[in-house]
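K.L.:
Once you have looked at the hints, place chain B on chain A.
Chains as they are written, first to last, in our numbering: chain A, 1 to 138; chain B, 1001 to 1197.
Hints listed in this document are in silico derivations from the structure and should not be mistaken for laboratory results.
Hints are supplied without guarantee of correctness; some may be wrong.
[What the hints assert, rightly or not] Reference listing, derived: stretches of chain A covered by chain B, where coverage requires no fewer than 3 residues with Cβ under 8 Å from a Cβ of chain B:
(1) 25-35
(2) 42-53
(3) 68-75
(4) 93-107
(5) 114-121
(6) 125-135
For every residue, glycine included, the Cβ atom is placed at its ideal position computed from N, Cα and C.
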Amino acid sequence: MNRHSILRVVAKLMIPYILLFALYVQFHGDFGPGGGFQAGVIFAAAFILYALIFGIENGRKVMPARVNRILLAGGVLLYCFVGLAGIFLGSEFLDYNVLGPTPVAGQHYGILLVELGVGLTVSSTMIAIFYVFAGQDI
Amino acid sequence: MNPADIFIDIFLLLLMAAVAIAIVRSHLMFAVVMLSGIFSLLAAVLYVHLTAVDVAFTEAAVGAGVSTLLFLATLALTHVNVEEKHKPVRVVPLVIVTATGAMLIWGTLDMPHYGDPEAPANKHVAPRYIQESPKETGLPNMVTSVLASYRGYDTLGEVVVIFTAGAGVLVILGRSRRRRRPGVNDEDGDNLEEERA
Chain A
1 MNRHSILRVV AKLMIPYILL FALYVQFHGD FGPGGGFQAG VIFAAAFILY
51 ALIFGIENGR KVMPARVNRI LLAGGVLLYC FVGLAGIFLG SEFLDYNVLG
101 PTPVAGQHYG ILLVELGVGL TVSSTMIAIF YVFAGQDI
Chain B
1001 MNPADIFIDI FLLLLMAAVA IAIVRSHLMF AVVMLSGIFS LLAAVLYVHL
1051 TAVDVAFTEA AVGAGVSTLL FLATLALTHV NVEEKHKPVR VVPLVIVTAT
1101 GAMLIWGTLD MPHYGDPEAP ANKHVAPRYI QESPKETGLP NMVTSVLASY
1151 RGYDTLGEVV VIFTAGAGVL VILGRSRRRR RPGVNDEDGD NLEEERA
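Chain A extracted, bound-state conformation (with noise of 0.2 Å):
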């Protein structure tokens, strides 16, 4: 790909700005159109964008992984101890009322970062499944 220097500076300007909307979408699902599956893809479509101009190597140096495995799984436990969460504070598994001072903040809180769960593990689950797909050589 090292010839195709178009594709490769259309890139380079493109990849800040799908983050940064993938960003947008994650966090404000709460207001609009979006949340966390789409921003999970949204935010793996700019490294897969990268990973394709740029090869999978160079991919690889920018999201190892052994750090896409640990976000993967912590996608998932995130979302999991915010259920617990509300155990410990007093209710129920997933009530989000007891985690602020009042219930409106806590289903805040814990819409948020519910949300942040789902887009870890959705962004990584892509990824990973690109990354492994694309470093096969038959």
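P.N.:
Same frame as chain A, but now just chain B:
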């Protein structure tokens, strides 16, 4: 619904049907993958028109975006570019598929009309979500409050499904190169896997 909306719906559904027929008739796998991406994009437009913006967003990102990419990666891995040509039309599967499709359409005749306020789905918990969710969760986007809070347990299940898919792919494909490489012993095999997976 006004006539323009009905016209747009029918137009989009006809386009989707045309793409589906093209997928069935095409023998080039690359074309099939691209057409399935187009199908997902058309579905996303249809969801926007049905004012299901969150679903449309997901369909565009997952269905048209990442799925197409993963299909292309699979094609590059398997080197299957052309499907077998001139398959004879089999009568029994055709009859079964046609009969099942006809029964499914017949089944929808009993369903309430689209957007019917008297439909059971709109009488059950939906009014409560519409009236109470902004007060209870403080979120203007009802889809997010239902997905992450009221149905948080279901969403946890979905995330576990995605996690399982990722873990499954890593377990099955993430190790395949080590087995093919002769003379690599298992002690430092983990290092090798780190480099590649």
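K.L.:
Which numbered hints are broken by the structure, listed smallest first?
P.N.:
none
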